[in-house]
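Just so you know, the protein sequences line up as chains R and H, in that order. Residues in the first sequence are numbered consecutively from 1047, following our numbering. Residues in the second sequence are numbered consecutively from 1278, following our numbering.
Just so you know, these hints were derived from the structure itself, not from any lab. Any given hint could turn out to be false.
Reference listing, derived: stretches of chain R covered by chain H, where coverage requires no fewer than 3 residues with Cβ under 8 Å from a Cβ of chain H [what the hints assert, rightly or not]:
(1) 1136-1146
(2) 1176-1188
(3) 1231-1238
(4) 1272-1283
(5) 1299-1306
(6) 1377-1383
(7) 1480-1486
Quick look at which bits of chain R chain H covers, simulated, 3 or more residues with Cβ under 8 Å [as the list claims (entries may be wrong)]:
(8) 1289-1295
(9) 1360-1374
Ideal Cβ placement from N, Cα and C applies to all residues, glycine included.
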Amino acid sequence: MTTPMEKHVLLRDEDVPNIRDLAVYRANEGYAAWQKAVTTMKGEEVIGVVKDSGLRGRGGAGFPAGLKWSFIPKDINPKYVTVNCDESEPGTFKDHQLIRSNPHQVIEGTALCCYAIGARVAYIYCRGEFKEPAQNLQKAIDDAYAAGLLGKNLFGTDYSLDVYVHLGAGAYICGEESALIESLEGKIGQPRLKPPFPAVSGLYNKPTVINNVETLANVPGIVLNGSAWYRQWGTEKSPGVKIFSVSGHVKNPDNYELPLGKYSIQDLLEMAGGSSTGLPIKAVLPAGSSSPIIPAANFHAKLDYESMGTIGSVLGSCSWIFMDESVDMVWAARKMIRFFKHESCGKCTPCREGTHWALKLYDKMLSGEATMDDVALIGDVNKQISGKCFCPLGEFSTSSMTFTLKHFRKDYEDFIAEKKGGSAAYLREIERDHHLHDLHAQAKAHG
Amino acid sequence: MQRRAANAARQQERNQMLKDKRSAEIEQILAKYPPERKRSAVMPLLYMVQEEYGYCTDDGMREVAEICGIDPTEVKSVAGFYSMYYKHPVGKQVIEVCDDLPCVLRGADKFVDYAEKKLGIKAGETTPDGKITLTTVMCLAACDRAPMCQVNLAYHYDLTPEKFDQLVDELKKQDE
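Whenever a hint applies, use it, and build me the whole structure from the sequences.
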């Protein structure tokens, strides 16, 4: 794989074979930051260095990590750290690689976050489908306990820490922090009303920090080497490195770790080997189904939080799905709406009903029964959802409709005018989804 | 009265299956959460029900409720909400193929066509011998290796018809 990082900060398994093993990880500065923090630093100092590094949340929202940690009140105990490893956004597969191939760095980052805020228990919430990589993570945790890196009275101090893995069971919404907490409490994963924010009242109504796996994997290097070290990569407002999950019509789909702000979308496409089909690339989704689609004309934009904003999109979780010119955006939008309709938690009406009706409209188009009136109706459905939902999921669902319409309106017009709907492939796709839906409904009715 | 007592006794007996068979593991799970927050163990315990009964049975869910000290309907609502808890019997081997956008761009839809043909069932169905369930699912976070699937949650990547034939042969052998 060609990637411009000489030495990876996160995907270190690509430089150091078997770094998943504790001995190898330790031989490569592993847990050095952990020992340094517990034996020589105060919690506030750890927060300080992470704040200075400018590290921003890598789950998608980009909120400054150190600032988040500093919100935790000192005088309320216990406090908790929950790690978001619910990675379910279509196109995202970075946390998967991290917990599979470099699990100790995730554990060390988690531990440092706990120490910084004074938490003595952490839960790593992995999506249920990660049973296999989560076993790997659990083994790494067990090894860390056996080596005295987790558990009671660490490094001879009075600081103790327990880290547990908790498996979800198939619900995208649990990637939303308050839904994740509900799920961890043994309830259905529906988001909570905010405020209060988790920093004040999170898990078991106690102060809680929730960070993404990749965010925490950055922390050991920052604590060990300092904030200036981390700022050697990236820009003033987007410091550091980021993993880009690249998929779709490229020759080498993979995770690529890059400094922020240095390369453009076009560079990323070339690193991934360019189009895999011989057809030119038409557009890319930069952060999975949730993100505003970017037409190829804007591929000059640099890969950082601010630059992505200037072209009307987001950096988000960095799940780059490239699509070539054969992709009809009406079809692509339906695929994305189908996802959100399936994953809507049902708590609020605009999202639950909105995604339902939106999918019906797209099904109508793919079935060949739609007119331009239905295209106009999409805008109407969008309006009923946008700005009215309880959590970001509903809002995300409108991206696929709004931005495919904005940038590829001609696809919609041609779809209707040239009667592209009703093809055997489209009908089979819809029938497959409906069949599955009916079977589930039957099972529920009998259950 | 007598009959009611007998029913209650039978109920009690039925509700002990997890505790009888896997009490050490149950204790281990409960120890992960604060003692007054046993409800957090609902999800791991539902996986245990599924391992023992094949799916989330009423008996199993009642026992989970008892262990966690909550109402059976609350357990049932959790089982109903999450897609990985089976609400009905499924095959011994569950093949889940991702057919979300990134995977389909790399041929997952045609792969599902092939898998349906090979197994003689449609996505969502189980083979008549009850051995294999095939289903499509939402993103499984392995878009770089599509088409891909999980078999009882173990990942299988870069699938081709040949690889799938092999996989199905192995699954059938495992079952014999």
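Cross-check of the supplied hints:
1. 1136-1146: holds (count 6)
2. 1176-1188: holds (count 3)
3. 1231-1238: holds (count 5)
4. 1272-1283: n = 0 at 8 Å, threshold three: violated.
5. 1299-1306: Result for this restraint: holds, n = 3.
6. 1377-1383: With 3 residues closer than 8 Å to chain H, the region 1377-1383 of chain R meets the three-residue bar; holds.
7. 1480-1486: n = 4 at 8 Å, threshold three: holds.
8. 1289-1295: It holds: at least three residues are needed, and the region 1289-1295 of chain R offers 5 whose Cβ sits within less than 8 Å of chain H.
9. 1360-1374: holds (count 4)
In this structure, the one hint that does not hold is number 4.
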